[in-house]
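Engineer: Given only the sequences and the hints, what does the whole structure look like? Please build it.
2 protein chains.
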Amino acid sequence: MNYAIILNVLGNLLRFLGLVMVVPLLVAFYYGDSLLPFAVAILVTGVLGIVISYRYEAEGDWKIREGFAIVAFGWLTAAVFGSIPYLLDGITPINALFESMSGFTTTGATILQDIESHSRSILFWRNMTQWLGGMGIIMLFIAILPKLSVAGRQLFRAEAPGPTEDKIKPRIRETARILWTVYVAISAIQAALLMLAGMSLYDAVTHTFTTMSTGGFSPYAEGIAAFHSPLIEGIITVFMFIAGANFALHYRTLYADRQSLIKDNEFKFYTLIVLTATAILTFSLWNDMGENILLSFRYAIFQVVSIVTTTGYATADFNMWTDSARIVLLAVMFIGGCAGSTAGGIKVVRFLLLLKYSQNALFRSIHPKAVKPIKFNNKTVPEEIMQAIVSFAVIYVMIFAVSTALLSLLGMELISSITASIATLGNIGPGFNAVGPMSNFDVVPALGKLLLIANMWIGRLEVFTVIVMLTPEFWRR
Amino acid sequence: MNYAIILNVLGNLLRFLGLVMVVPLLVAFYYGDSLLPFAVAILVTGVLGIVISYRYEAEGDWKIREGFAIVAFGWLTAAVFGSIPYLLDGITPINALFESMSGFTTTGATILQDIESHSRSILFWRNMTQWLGGMGIIMLFIAILPKLSVAGRQLFRAEAPGPTEDKIKPRIRETARILWTVYVAISAIQAALLMLAGMSLYDAVTHTFTTMSTGGFSPYAEGIAAFHSPLIEGIITVFMFIAGANFALHYRTLYADRQSLIKDNEFKFYTLIVLTATAILTFSLWNDMGENILLSFRYAIFQVVSIVTTTGYATADFNMWTDSARIVLLAVMFIGGCAGSTAGGIKVVRFLLLLKYSQNALFRSIHPKAVKPIKFNNKTVPEEIMQAIVSFAVIYVMIFAVSTALLSLLGMELISSITASIATLGNIGPGFNAVGPMSNFDVVPALGKLLLIANMWIGRLEVFTVIVMLTPEFWRR
Ligand SMILES: [K+]
Ligand SMILES: [K+]
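In order, the protein sequences belong to chains A and B.
Under numbering that gives the first Met the number 0, the first sequence has 1 at position 2, and the numbering climbs by one with no breaks.
Under numbering that gives the first Met the number 0, the second sequence has 25 at position 26, and the numbering climbs by one with no breaks.
I should point out that these hints are in silico values taken from the structure, not numbers from a laboratory.
We treat Cβ as the ideally placed atom computed from N, Cα and C, and that holds for glycine.
Please note that the accuracy of each hint is not assured.
Distance windows between CB atoms, simulated [what the hints assert, rightly or not]:
{"#": "1", "chain 1": "B", "residue 1": "V401", "chain 2": "A", "residue 2": "N376", "range": "24 to 34 Å"}
{"#": "2", "chain 1": "B", "residue 1": "S116", "chain 2": "A", "residue 2": "A278", "range": "42 to 52 Å"}
{"#": "3", "chain 1": "B", "residue 1": "G233", "chain 2": "A", "residue 2": "D441", "range": "40 to 50 Å"}
{"#": "4", "chain 1": "B", "residue 1": "Y219", "chain 2": "A", "residue 2": "A445", "range": "42 to 52 Å"}
{"#": "5", "chain 1": "A", "residue 1": "E382", "chain 2": "B", "residue 2": "T470", "range": "38 to 48 Å"}
{"#": "6", "chain 1": "B", "residue 1": "P367", "chain 2": "A", "residue 2": "K368", "range": "39 to 49 Å"}
{"#": "7", "chain 1": "A", "residue 1": "I292", "chain 2": "B", "residue 2": "L469", "range": "40 to 50 Å"}
{"#": "8", "chain 1": "B", "residue 1": "P367", "chain 2": "A", "residue 2": "M397", "range": "17 to 27 Å"}
Structural biologist: Now the structure itself:
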C-alpha cells in the first residue's frame with residue numbers, strides 16, 4: 000500500500016475543504032453571525048491540508064487498494080473536519096459527526112432538535128455539505144468506481160461520456176469537469192426557478208444544494224411543507240427526479256443525443272417505479288384518509304419521488320399516514336435512484352438486473368441446456384458483473400439486517416430500527432416512528448448513532464469500498 | 000405437456016389420501032366423534048382417485064414440465080381434498096382450505112379461534128396432514144427436485160444416498176423407501192420418549208407428527224406451553240433440531256458414516272446459527288425482562304430451534320417479548336432449516352453459499368484477475384447452481400415484499416403484515432402482533448388469506464416449482 004499517495008490526496012482534500020468553507024464564512028459575515036466556527040475550521044483544515052499535502056508528495060499511480068482507501072478515508076476525513084463548525088456551535092462531538100456525515104453522504108438524517116434555533120450560516124454550511132457530497136458522488140461513480148471494478152464497473156464505464164479503460168487516468172479531470180459543469184448548470188437553473196416561484200435567494204440556494212445532491216436537509220423544521228406552495232413542490236419534484244437519474248446521461252442528452260435518457264433501460268425502469276408507486280400511494284391516501292384525489296396525488300408524487308431518489312424531503316408528516324400508505328414508501332426505500340446519480344440505495348440498475356437474472360434462471364429451469372445471455376441496453380452483462388451486483392445486494396441486505404438487529408438490541412422499537420437502518424444505509428434521511436420526518440435521530444442511543452454513521456458511510460460508498468477494507472486480503476502483503 | 004401422466008399421478012395421490020384418512024376415521028371411532036367428516040372425505044377422495052387414475056393411464060416418462068406440474072398441483076390437490084373433514088366440521092371453505100394448506104405445507108398457521116372446541120379426531124387429522132406433508136417434502140427434495148434441476152440440484156443430489164443422475168427414475172421408489180424408513184423410525188423414537196416423559200399416546204403421536212414435519216400444529220391452544228415440562232420441551236427441541244437437518248445425512252449417519260452430519264458444511268453452519276441466536280436471545284431475555292438466566296435459556300433455546308427449523312411451536316407468548324428479543328426470532332425466520340429436511344425457509348445452504356459468493360466477490364474486487372472457485376463440502380459450486388440459488392433468494396424476497404405490501408394495503412398493520420408474510424412463505428406458522436403464537440390468522444381479510452395460502456404453497460415447493468408455471472415459456476409449444 001502506497002500510504003504517501005493516500006495521504007497526499009487526503010491533504011489536498013483538506014485544502015479544498017478549507018477553501019470552500021470560506022463560503023459559509025461570507026454567509027456568516029452577511030447575516031452578522033459569529034465568524035468563529037468557520038474561521039477556526041478554515042484554519043485547522045487548511046493548515047493541516049497544506050502540511051500533509053506538502054509532506055507527502057504524490058509518486059506513482061493509484062492501484063486498486065489505494066483507490067479504495069482514498070475513497071473511504073476521503074469521505075471520513077470530510078465528515079470529521081466538516082463537523083468543526085458544528086462543534087464550535089455547541090453541538091456534542093458525536094452529534095456533530097453524525098450531522099456532518101449525514102451531510103457529506105447526502106443522507107439528510109439529522110440530530111438537530113430545534114433546527115431553526117441554529118444560525119443561518121450554520122444551516123447554510125449544513126446544506127452545502129450535501130451539495131459537495133453530491134459532487135463527490137458523481138466523481139466517484141463516473142471516474143473512480145469504474146477504475147476500481149466495483150459492483151458493475153463496465154456498466155458505469157459504458158455510461159461515462161469520455162474515457163475508455165486504458166485512458167481513464169489522464170481523463171479523470173476532464174470527465175469530472177464535464178459532469179460538474181452539468182451539475183452546476185442544472186443547480187443554477189433550479190435555484191433561478193425557485194426564486195421565480197417566490198423563494199428568497201437563501202432559501203433557493205440552500206434547497207437547491209439539497210435537491211441536486213438528493214440530500215434532503217432544509218433550514219426549516221417543516222422542510223418543504225414550510226412553503227405551502229404547489230409550484231415550489233412541483234419544481235423540486237422535477238429536479239429531484241433529474242438528480243436521481245444518471246448525470247452522464249444528462250450530459251449526453253444535453254450535448255450529444257437527445258434520446259439518451261429515454262433509450263436507457265435503467266431510466267425507463269426508474270420512471271416506471273416512480274409512476275407505479277405514485278399511483279398506488281395516491282389511491283391509498285385517497286382511500287384511507289378521505290383526502291381529495293388531487294391533494295392525494297400532490298402528496299403522493301412528491302413523497303414517492305423524494306424517497307425513490309433518496310432525497311428525504313417531506314411535504315407532510317408521512318409517518319402519520321396509515322400503514323397501507325407507509326408500506327409504499329418503505330418498499331421504494333430499498334430500491335433507490337439510478338447509478339451515476341447523486342441518489343443512494345441499491346440502485347435501479349442493480350434491481351433491474353437482479354430481476355432479469357432471476358427471470359433467466361426460471362427460463363433455465365425449464366430449458367436446462369439453453370444458453371440465453373442477460374442483456375442491458377442491448378449489451379450482454381458478463382458473469383463477473385452479475386456476481387458483483389448480486390454480492391452487493393447480499394452484503395447490503397446483511398448490513399441492513401445486522402443494523403436493525405443491533406438497534407433493536409439497544410432498545411429501539413422494531414419499525415424505528417428497521418427504517419433508521421434503511422434510511423441511513425440508503426442515504427435517504429428520515430424513516431418512520433421515532434425517526435420520522437418530523438422527528439430527529441437524537442433519540443438514538445450513542446452506540447446506535449455510531450452504527451448509523453457507519454451505515455451512511457458504507458451505503459454512500461457503494462458498500463464494497465468500505466467492506467473490502469475489513470477483509471484480511473486487503474491488508475495482506 | 001403430457002396431461003395424462005399428470006392426471007394419473009394426481010389420481011394415485013387421491014387414492015393414497017383416501018386410504019390414509021382411514022386413520023383419523025379410526026380415531027373418531029375410538030373417541031366416539033362423528034364419523035361423517037372422514038367417511039365422506041374418504042368416499043369422495045377415494046372414488047375420484049380411482050376413477051382418475053384408471054381413466055388416465057400413465058404412458059411415457061415425466062419430462063421437466065410434467066414434473067413441475069405434478070409437484071405443484073399435487074400439493075394443491077392434497078390441500079383441497081384434505082380440507083373436506085374441516086368443511087364437514089363446520090369450518091368455512093376459505094378457512095378450511097387455509098388450515099389444510101397450512102397442514103400439508105407443514106406451515107402451522109391456523110385460523111381456528113378456539114382449538115380445543117374441535118374434536119380429537121379433527122385435531123388428529125390436522126396434525127397428521129403435517130406429518131404427511133413432511134413425507135412429501137422429503138420425497139420432493141431428495142427424489143424429485145434433483146431431477147427438475149431446481150435451485151441447486153447437484154447439491155441435493157450429492158447428498159442423496161442412492162441415485163446418480165442417469166439412474167434416478169428406477170431408484171425413486173428405493174430412495175423414498177429408505178428415507179421414509181428413517182423418518183418413521185425417528186418419529187417412533189420421539190413418540191416413545193414423549194410417552195416416557197409423561198405424555199398420553201394421543202399427545203405423543205400428534206406432537207411427534209408436527210415435530211418431525213416441523214409443522215407446529217398442536218391440539219392445545221397453548222401449544223407446548225400446555226405441558227409445563229422442561230423434559231418434554233427438551234425432547235421436542237432435540238427432535239425439532241433433527242427434523243431441521245438433512246434426512247439423507249441422517250440416513251448416512253445411521254447406516255454408513257457416523258461422521259456424515261458433523262462433516263457437512265451446512266449442518267455446521269446450521270448449528271452455529273442456532274447456538275449464536277440462542278446466546279443472543281438468552282442474554283436479551285435475561286437483560287430486558289429480569290428473568291432468571293436458566294429460565295431465559297430454556298425459553299431461548301426452545302424458541303430459537305422452533306423458529307430456525309420453521310416448526311413454530313411456542314412455550315411462551317414470544318409476541319409479548321421486547322423488540323430486542325423479537326428481532327432475534329425475526330432474523331432467523333429468513334434463514335430456515337437445512338436442505339433435505341422438512342423445514343422451510345430460504346435454507347441454510349443457500350444462505351451459506353450466498354455469503355461465500357459475496358466474500359468471493361470482495362476478493363475479486365481486490366484481485367480482478369484471480370480465479371477462486373466457491374467450494375461447498377470441498378466441491379466446486381458451478382455457476383448455474385449459484386444462479387439458481389441467487390435467483391431463488393431474489394424471487395423469495397420479492398414475493399415476501401409484495402405479500403407484505405398487499406397485506407398492508409388490505410389494511411393490516413405493518414409488523415403483522417411483515418411477519419404473516421414471512422411466517423407463511425417460510426412455512427413457520429406464527430408471526431408477531433395480530434398473527435402472534437397465541438393469536439390466529441382468522442383476523443386476516445379473505446383476500447389476504449388467499450394470498451397467504453399462495454405463500455405457503457409457493458414457499459413449500461421451493462418457489463421455482465410454482466413460479467415457473469407463471470412464465471409464458473412453461474406453457475409454450
Ligand atoms: K437523502
Ligand atoms: K411450521
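Engineer: Are the hints correct? Go through all of them and say.
Structural biologist: Tested hints:
For the hinted restraint 24 to 34 Å between V401 (chain B) and N376 (chain A), the CB-CB distance of approximately 27 Å keeps it satisfied. For the pair S116 (chain B) and A278 (chain A), the beta carbons lie near 45 Å from each other, so the given range of 42 to 52 Å is met. For G233 (chain B) and D441 (chain A), the hinted distance range of 40 to 50 Å is satisfied, since their beta carbons lie about 46 Å from each other. The hinted range of 42 to 52 Å is satisfied by Y219 (chain B) and A445 (chain A), whose Cβ atoms lie roughly 45 Å apart.
Checked against the hint of 38 to 48 Å, the pair E382 (chain A) and T470 (chain B) fails, with Cβ atoms roughly 23 Å apart. Under the hint 39 to 49 Å, the C-beta atoms of P367 (chain B) and K368 (chain A), about 30 Å apart, miss the expected range. Look at I292 (chain A) against L469 (chain B): about 33 Å separates their beta carbons, and that is not inside 40 to 50 Å. Checked against the given bound of 17 to 27 Å, the beta carbons of P367 (chain B) and M397 (chain A), roughly 23 Å apart, stay inside it.
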